[in-house]
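> Below, each chain spelled out in residue letters.
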Amino acid sequence: MVESPSMTLPLAPARPLTALAAASRDVAAARLVALGDAARLVFRGREAAIGPAGEAFGVALPRESCRFNAAGGRFAFWLGPDEWLLLAPGAEAAPIFAAIEAATSGLPHSLVDVSARSVGIEIAGERAAFVLNQGNPLDLSLDAFPVGMCTRTVFHKAEIVLVRHAPDVFHIDVWRSFAPYVWELLEDARRELA
Amino acid sequence: MLIITCPWCGARPEVEFRYGGEAHIARPADPSALTDQEWADFLYNRTNPKGLHAERWRHIHGCGRYFNALRDTVSDFFVTTYKAGEPRPDIDASSGGNP
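Residue numbers (my numbering), protein chains in the order written: chain A, 3 to 196; chain B, 12 to 110.
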């Protein structure tokens with residue numbers, strides 16, 4: 003078997019939104035931004051491994067349901083009682099992976115590099131929640147979905163991770179093959195906005 | 012849309028969940044000691060009640076956890092939900108289905 007050069011290279015970053023974002027209309031009430039590359043790790047572990055993993059990553063893993071912690075430009079999202087998504091925008095995954103592996107060595111856990119699996123979309127503006135609600139049935143009022151909340155949920159038929167960074171700023175993390183689907187449905191939902 | 016209360020995440024829309032069949036059915040500790048009839052009962056036979064039904068649900072597009080729910084099969088009303096591993100709440104069937 004002939005070995006092609008691509009077999010030895012790491013997975014290229016996923017950028018399925020470049021063309022769509024370039025052709026996107028600027029709507030101040032609900033701005034869409036395709037976010038850049040990021041290191042993404044999924045950590046799952048039992049009690050003993052949770053603390054050391056957070057220390058090695060630089061952000062304590064939140065223990066409260068559907069909340070995230072942020073520090074030094076990195077984020078730890080609660081996805082389940084033993085599952086977290088660790089996000090470091092613009093960073094390389096390998097050194098973070100090695101640091102967490104070293105800190106949790108010998109403790110039952112799983113750590114997976116999913117950097118190439120999903121892409122980020124930011125939707126910001128006073129009608130951002132309205133646009134998201136075209137495809138997501140959650141109550142996005144500040145009482146029910148406060149700043150600092152994150153959760154896995156759905157947008158139309160695609161599974162997403164939805165994060166609220168500020169009252170008018172949401173982030174979506176979506177599997178890259180679903181990203182154009184989500185982007186175009188977001189575009190469709192904000193067509194009526196000036 | 013039906014609202015289901017996940018014990019971890021709170022009230023969520025039905026589309027985030029998957030049904031997981033009847034709850035509180037323990038796998039026999041020693042399947043080879045069972046008769047064919049007993050094994051068939053474990054595999055296939057369910058209570059199928061008219062009224063309160065303890066069943067498993069999974070918050071698949073959320074925290075991913077399995078949990079148990081008491082649902083009235085007549086009205087489709089969720090009387091309560093509770094974490095996997097907890098005993099079935101002692102709720103009278105006559106109180107179910109009347110929100």
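These aren't lab readings, by the way, just hints derived from the structure by calculation.
Keep in mind the model is a prediction, meaning the values are calculated, not measured.
Do not take every clue at face value.
Straight-line Cα separation of at most 16 Å, EDC-like style, residue types lysine to aspartate or glutamate; simulated pairs [claimed, not checked]: (1) B:K94 / A:D190; (2) B:K94 / B:E66; (3) B:K61 / B:D87; (4) A:K159 / A:D190; (5) A:K159 / B:E66; (6) B:K61 / B:D83.
> Assess, step by step, whether the Cα of K94 (chain B) is no farther than 16 Å from the Cα of E66 (chain B), and give holds or violated.
Distance ~12 Å between K94 (chain B) and E66 (chain B) Cα, so the pair holds.
> Compare the distance between the alpha carbons of K159 (chain A) and E66 (chain B) with 16 Å, and conclude whether the hinted pair is satisfied.
25 Å, violated
> Need the status of pair K61 (chain B), D83 (chain B): alpha-carbon distance at most 16 Å?
Status holds; Cα separation ~8 Å.
> Verify the proposed pairing of K61 (chain B) with D87 (chain B), using a straight-line Cα cut of 16 Å.
11 Å, holds
> Please work out if K94 (chain B) and D190 (chain A) have their alpha carbons no farther apart than 16 Å.
39 Å, violated
> Can you confirm whether the C-alpha distance between K159 (chain A) and D190 (chain A) stays at or below 16 Å?
With a Cα-Cα distance of about 15 Å, the restraint between K159 (chain A) and D190 (chain A) holds, given a limit of 16 Å.
In this structure, the earlier hints numbered 1 and 5 are contradicted, and the remaining ones agree with it.
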